[in-house]
Amino acid sequence: MELVLFYAFAVLAIGSALLVVSLKNTARALFLFFVVLFGMAGLFLFALADFVAITQIMVYVGGVLILMIFAFMLSNKELLADLQNTSSRFLSMPNWQSLLLTLGFLAVMIYGIIEWQQHTPNWITQNIHKGQVILPSDNNINQLGIKFMTHYLLPFEVISIFLLMALIGAAHLSRKEDKQ
Amino acid sequence: MGLLSLLIFLPLLAVLAILVLPNRSNGSFKYISLAATLIQFGLSGYLYANFQPSESAFNAVSAYQYVEQMPWIRMQLGSLGTLEIDYFLGVDGFSLPLLVLSAFVMLMAIGASWRIEKSKKGYFALLMLLNTAVMGIFCALDFFLFYVFYEVMLLPLYFLIGIWGGARREYAAIKFFIYTLFGSVFMLLVIVGLYFSVQNPNTGAHTFNMLYMMDPTNYVPGSFFEALGNSQEILGIPARMVGFIVLFVAFAIKIPIVPLHTWLPDAHVEAPTPVSIILAGILLKIGGYGVIRICLGIFPDAAVDANWWLGLIGIISILYGAFNALAQTDLKRLIAYSSVSHMGFVLLGIASLTAEGISGAVFQMLSHGFLSAALFFLVGVLYDRVHDRYIYNFRGLASLMPKYTAYVAIAFFASLGLPGFSAFIGEAFVIIGTFNAESLSTGIPRWMAIFGSLGILLSAAYFLWTLQRMFFGETRLKGGETWANSLTDLSVREQIILFPTLALALLLGVMPSLVFGVLNQSVLSLLNLVNPYL
Amino acid sequence: MMNLSPIVASLLVVILPFLAFLIQAMLGRRSQQGTISLLAILLSCLISATMVFPKIWNQDTQHQALTWFSIGTKDFQIGFLLNNLTSLMQLIVCLVALPVHIYSRAYMKGDPGIHRYWMYLSLFCFAMLLLTMADNLLLMYIAWELVGFASYLLIGFWFHKESAVQANKKAFIINRIGDLGFLLGIASLYSIYGTLNLVDLFGEHGFLNTVPPDSSGWMTFAGCCFFLGAMAKSAQFPLHVWLPDAMEGPTSVSSLIHAATMVAAGVFLLSTVFPLFNTTVLLIIAIIGCITAFIAAYFALAQQDIKRILAFSTISQLGFMMVAIGIGAWDAAMFHLVTHAFFKCLLFLAAGAIIHEMAHLKAKHQLDFDPQDIHNMGGLRKYMPKTFILMAIASLALAGFPLTSGFLSKDAILINALEWGMQQGGLWLLIPIALIIVSFMTAFYIGRLMFKVFFGKLRINVENPGIHEAPGQMLGPMVFLGICSLFVVFSLNPLSYQQAFVLKGFEFDRDYTELHILHTVVPLLMSIGSILIWIWAYRWYAQGEAGGSFDKLRMTESKLRMTFPLLQLSLNQGYLNEFYQKAFVNSTVQFSNGLYWFDRHIIDGLVNLAGSLVRAISRISAWTDRYIVDGLVNTIAGSTYYLGHLLRWVQNGRLQNYLGFAFTVLLIGIIYLIFK
Amino acid sequence: MITLTHFLVVSACLFCIGLYAVLAKRNAIMILVGIEFIINAAILNLVAFGRYDKINYGGQVFALFAIVLAAAAVAVGLAIILNVYRKYKSINPDNITDLRD
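Protein chains in written order, with our numbering: chain A, 42 to 221; chain B, 6 to 539; chain C, 156 to 831; chain D, 293 to 393.
Treat the hints as calculated values from the structure; they're not laboratory data.
Any given hint could be a false lead.
Unchecked claim - Partner residues aside, some chain D positions facing chain A, computed with beta carbon under 8 Å:
#1 L300
#2 C308
#3 K317
#4 N332
#5 V339
#6 V366
In this text the structure is predicted, and so the values were computed from the model without any measurement.
All residues carry an ideal CB built from backbone N, CA and C; glycine is no exception.
Working from the sequences, and respecting the hints, build out all of it.
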C-alpha cells in the first residue's frame with residue numbers, strides 16, 4: 042500500500058513535470074507546476090519529512106507560484122502570444138539537442154545509482170545499526186525547532202539575512218526606473 | 006629621487022595629467038606643459054648654477070654631478086652571468102649646458118604651439134614625452150638607459166611630424182624615422198658587443214655602465230672590443246674601429262652629416278614650427294653630444310685614427326650645406342640646409358681634438374640651438390600669416406613688419422657669426438682649434454680650417470641674399486593686398502618667445518665664460534682620455 | 156674736470172657711444188634729433204682729447220686686461236692697450252666722428268628713418284673706438300666685424316632702394332672675405348705663439364719687434380691672412396669693388412665710415428701687427444697697394460658721380476698707405492691716414508652739401524636728373540662760396556699742395572718709397588715711380604672735379620636755381636675739418652714732414668738709408684707737377700671746350716671715350732664688377748644650384764632609390780609571401796578559421812546554449828570518468 | 293519497503309526534466325520553473341538521506357534552507373526577468389544575445 046502510494050505520487054510528480062515542459066501554453070504549464078510541487082510534497086512525506094512537505098506547499102504554492110503567475114501576467118506580450126497559441130499545437134516539439142543531453146544525464150545518473158547500490162555509505166549502515174534513523178513516530182517538528190535554535194543557529198541567521206537581501210534586491214530590481 | 010630624475014620625469018607627470026584630464030579641458034593642456042617645462046627650466050638653471058667643475062678623469066664618477074645610481078635590472082642569465090643594468094644618471098660640463106638648452110628650446114616650442122588646434126591632447130602629451138626622452142638622453146650614463154631614451158625619443162617625433170605636419174608629412178616622418186632607426190639598430194649591436202666586452206671591476210658582471218666602458222682596464226681580455234692589444238677584425242677593419250664607425254654613423258645621422266642629411270630638409274619643411282624648433286634646437290645636438298660622450302669617450306683610440314675623416318666630413322658638411330642653402334627658394338629649407346652647414350662646424354671642432362675645437366663645437370651646438378630655434382620660429386611666424394614660405398613671393402617686408410624684420414636681421418646676423426653673438430665664438434674657436442690641431446699633431450691639417458672658414462663666408466652670402474631679397478626693397482608681395490593685410494607685425498607672445506632667445510644668444514656671445522666655465526674641465530678631462538692615443 | 160686714469164677714460168670713450176646706441180634703440184622714433192648720440196660722441200671726444208691722448212702720447216704705455224673666458228689651459232682676455240698708435244687712432248676717430256654727427260643733424264633732418272640713423276652711427280662709433288683700443292686680436296676682430304656690420308646697416312639705410320641693399324650686401328660679403336683672412340691670421344698666430352694678446356706678442360709699445368722674425372711658410376701665411384683682412388676693409392684691389400657701391404649710403408656716412416675711419420682700419424691693423432710681416436708679405440703689400448693706388452686713380456679719372464670720384468680717390472689714397480706699410484714706413488702710413496681722414500672727410504661733407512642743394516633743386520623744379528652727377532653741376536662757386544673754399548682746401552690737400560697736411564704726409568710716403576726703391580734697386584723702383592704718376596693723376600681728377608663743379612656755369616637750365624650756402628650746422632664742422640687739413644695742425648714747418656708730431660711719435664729704425672737730396676727734390680717736383688696739371692685741367696674743364704653747356708660737355712666726353720677706349724674702361728671701373736658677377740657670383744650660384752640638384756636627385760635620389768629598392772624587394776617577397784608561404788599558411792589559417800568559426804557559433808549569446816555546452820562537457824567528463 | 297533508490301531515481305528523473313526545461317524552454321519563466329525542478333530534486337535527495345541522520349537532522353534542515361534559497365532565487369530571478377522584459381520587450385532568451393561575440 043505504501044509503495045503503491047509512493048509510486049502514485051512519483052508518477053504524478055514526474056508526469057506533471059513532463060507535461061510542464063511539454064506544454065506550449067505557459068499558463069497551463071504553471072498550473073501543472075503546482076501539481077508537481079504537490080507531488081513532491083507527498084514524496085517528502087514518504088521520506089518522513091512532514092515539516093518540509095508542509096513548508097514546500099506553503100512556500101512554493103503560496104509564494105513562488107503566485108509570484109510566477111504574476112510575473113507571467115506582467116509580461117503581457119507573452120501572455121497574448123500564449124493565449125493565441127492555444128489554438129495551435131498543444132505540445133511543443135522537443136528540442137533534440139537538449140533532449141539528448143538530458144537523457145544522457147539520466148542515463149549517467151541511473152548508472153550512478155545502480156553503482157551506488159552496491160556499496161552503501163558507511164555512515165548510513167552505522168546509523169541503521171545504532172538505530173539512529175528517523176522513525177515515523179518521531180516528533181520531527183520539535184526536533185527541527187531545537188536543531189534550528191542550537192546546532193544550526195548561524196546558518197539559520199545567515200539564511201534569514203540572505204532572504205532579506207534577496208527580497209530587497211528583488212524589490213529594487215523590479216522597481217520602475219525613473220524616466221530622466 | 007634626485008634632481009635629475011625629477012628633471013626627466015616631470016614632463017611624464019605632465020603627460021599623465023594631460024591624458025587623465027578629459028578632452029573638454031583641452032585648453033589647459035598647454036598650461037600644464039608650460040608649467041612643467043618652466044619648472045624644468047628653473048630646475049636646470051638651478052643645476053647649472055650649482056655645478057662645480059671637477060678635475061676628475063672623464064671616466065670617473067666624481068667627474069659627474071647630481072649622480073643617481075641604483076640597480077634597475079638584475080637578471081641571472083645562466084652561463085652569461087648577471088645582467089647588470091643600472092638607472093645611472095649624472096651630468097658633466099658637456100651635458101649640463103645642453104640640458105639647459107633643451108629645457109629652453111622646449112619652452113620655445115611650447116610657446117610656438119600656443120595656437121595648435123588639431124588634437125591638443127595628443128599633441129601636448131607627445132611633446133612632453135619627447136621632453137622626457139631628450140632630458141633622459143643627456144643625463145643617462147648607462148648605455149642601456151641611454152638607448153631606451155634614444156628610442157623613446159623617436160616615437161613622439163614620428164607622430165608629431167606625421168600627424169601635425171605639412172603636405173608631405175607622411176613621407177617626411179617615415180624618412181626621418183627610418184633614417185634614425187637605421188643608425189640606432191646598428192648602435193644596438195655595438196652596445197651588446199660592448200656589454201659582453203666590459204666587466205664591472207667590482208662585481209665582475211658584464212655591465213652597460215658607460216663609465217666602465219671608457220676605462221680600457223675594464224675590458225675582458227680577448228673580448229670583441231678589448232681595448233688593449235685587440236686583434237679582432239671585421240672585413241679587415243679593426244673591431245674597435247668598426248664599433249666607432251657604427252656608433253659614429255648612428256649619431257652622424259642625427260647631426261646630420263653629408264651625405265646622411267637628406268632627412269633633415271624634408272623633416273624640417275614638413276614638420277610644424279614647434280617640431281622644427283625642437284628638431285633643430287635639440288635633436289641635432291644629440292648627435293654631437295653622442296659623438297663626444299660615446300664615440301670619443303668609449304673609443305678614443307679609434308677616434309684618434311679616424312679624426313681626419315671626421316674632419317673631412319665636417320668640411321664637406323659645412324660647404325655642401327652652405328652651397329645648398331644658397332640654392333634654396335623655400336625659406337625653411339634654406340634654414341634647414343644652413344643647419345647642416347653649421348652643424349658641420351661641430352663635427353670639425355670635435356675632430357680637431359683640441360681644447361679650443363671641442364669647446365668651440367659645444368658652444369656652436371648651444372648657439373645653433375638657440376639661433377636655429379629662433380630662425381625656425383621666425384619662419385613659422387611668416388608661415389602662420391600667409392601660409393607661404395617661398396622667398397621670391399616676398400619683397401620689402403621691412404616696411405610692413407619692421408619689428409619682425411629687426412628680429413630676423415638680428416637672428417640672421419647672429420647665425421652668420423657676427424661677433425657679440427654666440428655663433429661667432431663657436432665658429433671662431435672651431436676654426437682656431439682646427440688650425441691649432443696641426444701644432445698639437447692631432448692629425449687634422451690646416452687646410453681644413455681654411456676650407457671650414459669658407460663656410461662662414463657662404464653663410465653670410467645666403468643670409469644676406471635672403472635678407473635683401475625678402476625684406477628690403479620696395480614692398481611687393483605675391484598675395485597683393487590680402488597678404489599685406491594679413492602680414493601683421495609680431496605679437497606680444499611672439500616677442501616674448503623671441504626676445505629671450507636672441508638675448509641669450511647675445512649674452513653667450515658677450516660672456517662665453519658662462520658656458521666655458523662649466524665646460525672647460527670636462528673638455529680637459531676628455532682630452533686627457535684621448536691624448537694618450539695621439 | 157675729474158682726473159681719470161687713461162684706461163678708465165678710454166673705457167668711458169668706448170662705452171658712451173654704446174650707451175647712446177642702447178638708449179636710441181630703446182627710444183626709437185621718439186628721439187629724432189640725435190642729441191643723445193651727439194652728446195655721447197662729444198663727451199667721448201672731450202675725454203679722449205683731454206684725458207687719454209695727452210697722457211699717453213709720448214708717455215707711458217698703459218695696458219689693463221681682465222680674463223674674459225678660458226678654454227683649456229688658455230685664458231682669453233678683454234682689455235685696453237693704450238700707446239701712441241692706439242691713442243692717436245682713438246683721438247682721430249673721435250675728432251672725425253664729432254663733426255660728422257653735427258653735420259648729420261642738418262643733413263639728415265626730416266628723414267623718416269632718422270632714429271635708426273643715429274642708432275647705427277653710435278653703434279659704429281662704439282665699434283670703431285673699440286677697434287682702436289683692443290689689446291688682443293680676438294677683441295679687435297670682434298670690433299672689426301662690428302664696424303663692418305654698422306657699415307652694412309648704414310649703407311643699406313635707405314633699404315627700400317634696391318641699389319642700396321645690393322650695395323650693402325656686396326660690402327658685407329666682400330668684407331667677410333677679409334674677415335676670414337683676419338680670422339685665419341688669428342688662428343695661425345694662435346697656433347704659432349699660443350696667445351693673441353698684443354702685449355704678449357709685441358711688447359707694451361706695440362711696435363717693438365720682439366717677435367723673432369719667423370720666415371716659415373706659416374708666418375707668411377699669417378701675414379697674408381692679415382693683409383687679406385686689411386685688403387677687404389681698406390678696399391684694396393681686387394677687393395675694392397664694394398667701396399664705390401657703398402656710396403649708396405647717406406653722404407655723411409660715406410664721409411665718416413667709407414673715407415675717414417673704417418676703411419683706414421686695415422692700415423691701422425697692419426701697423427699694429429707690423430712686426431709679424433716678413434719680407435715676402437711686405438712685398439706683396441707694397442705691390443698690391445701700388446696696383447690699388449694706380450687703378451683707383453685711373454678709375455677716378457672718368458667717373459661722373461661726385462661721390463664715386465671721391466670713393467676711388469679714397470681707394471687710391473689707401474693704396475698709398477698700403478705701399479707705405481709695404482716698404483716698412485708704417486709711420487708714414489699712419490701719418491697719411493690721419494691727414495687723409497680729415498681732408499677726405501671734408502671732401503665728402505662738402506660733396507654732401509652740394510648734393511643736398513642739387514637734390515633741393517631737383518625737388519623744387521621737379522626735374523629729373525641725377526643730383527650726384529658732376530655734369531649737371533657747374534658754377535656753384537657763385538652760390539656756395541664758403542663750401543667752395545673749404546672744398547678747395549681739401550682738394551689741395553688731396554693733391555698734395557704745399558701748406559696743406561696732405562703735402563706733408565704724401566711727401567713722407569713718396570720720399571720713403573723712393574729711398575726704399577733706390578735701396579732695392581731694379582724693378583722695385585717702379586713702385587715709387589708709379590706712386591708719383593698716381594699723385595699727378597690725383598691732382599688731375601680732383602682738379603677735374605673742382606672745375607666741373609664750381610666753375611663754368613650751372614648746366615641745369617633753370618631760372619633762379621635757388622641754390623644757396625649750406626646751413627651753419629653743416630658749415631661749422633666743415634670749417635673745423637678744413638682747419639685740420641692745414642699743415643699747422645701737424646707740423647710747424649710747412650715743408651718738412653719730418654717735423655710732424657705724428658711721425659715723431661713713431662720713431663723707429665728703418666731698413667734703408669735716408670737720402671737727403673730727395674727731401675728737397677721730391678716736394679718741389681710734386682708741387683710744380685701738380686700745379687701744372689691743375690692749370691691744364693682748369694683750361695680744359697673751366698675754360699676750354701668742356702666748359703660749355705651740359706649737352707656739349709656730354710658730347711665731348713662721349714667723343715673722347717670713343718677715341719680713347721681707356722677712358723671707357725675707366726668709367727666702367729675696368730668692368731671688374733661685371734667680371735666678378737660672372738666669374739664668382741654667377742658661378743657660385745650655378746655651382747650651388749648644381750649642388751642642390753645633386754642633393755635632390757643624386758643623394759636624395761639614392762636614398763629614395765634605396766627606399767624603392769627595398770620596396771621592390773619587399774613587393775617580391777610580398778608576392779612570394781602571399782602566394783607561396785601564405786598559401787600554405789592560409790590553408791592552415793583557413794582551416795583554423797573554419798574551426799574557429801565553428802567555435803564562434805558557440806558564442807552566440809544565448810545563455811541556454813552556453814549552459815547546454817557546459818553540461819555537455821560535464822557529461823562527457825563524467826562519462827570519461829566512468830569509463831576510465 | 294521504499295528504499296533510498298526509489299527516491300534517488302525519482303529525483304534523477306525530476307532533475308533531468310528540470311535540466312531539459314532549463315536548456316530547451318523559450319520562456320524565461322519556464323526556465324525558472326526548470327530551476328525549481330532541479331532544486332526540488334535536490335531537496336528530495338536531502339530529505340531521503342536525512343532519514344538516516346537523526347542526530348543532526350541535517351537533511352531536513354538543509355532541505356528547509358534549500359526551499360528558502362529557492363524562494364529567494366525565484367524572487368530575484370523574476371525581478372531580473374521583469375527588468376529584461378522591460379528592456380527587450382521579450383522574455384525569450386533567444387532574443388537576448390548581448391553576450392554574442
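Hint check:
1. L300: Result: holds, 5 Å to nearest chain A Cβ.
2. C308: For C308(D), the interface hint holds, since the closest Cβ of chain A sits about 4 Å away, which is under 8 Å.
3. K317: Nearest chain A Cβ about 7 Å off; hint holds.
4. N332: holds, 5 Å
5. V339: holds, 4 Å
6. V366: Check passed: Cβ of V366(D) comes within 5 Å of chain A, closer than 8 Å.
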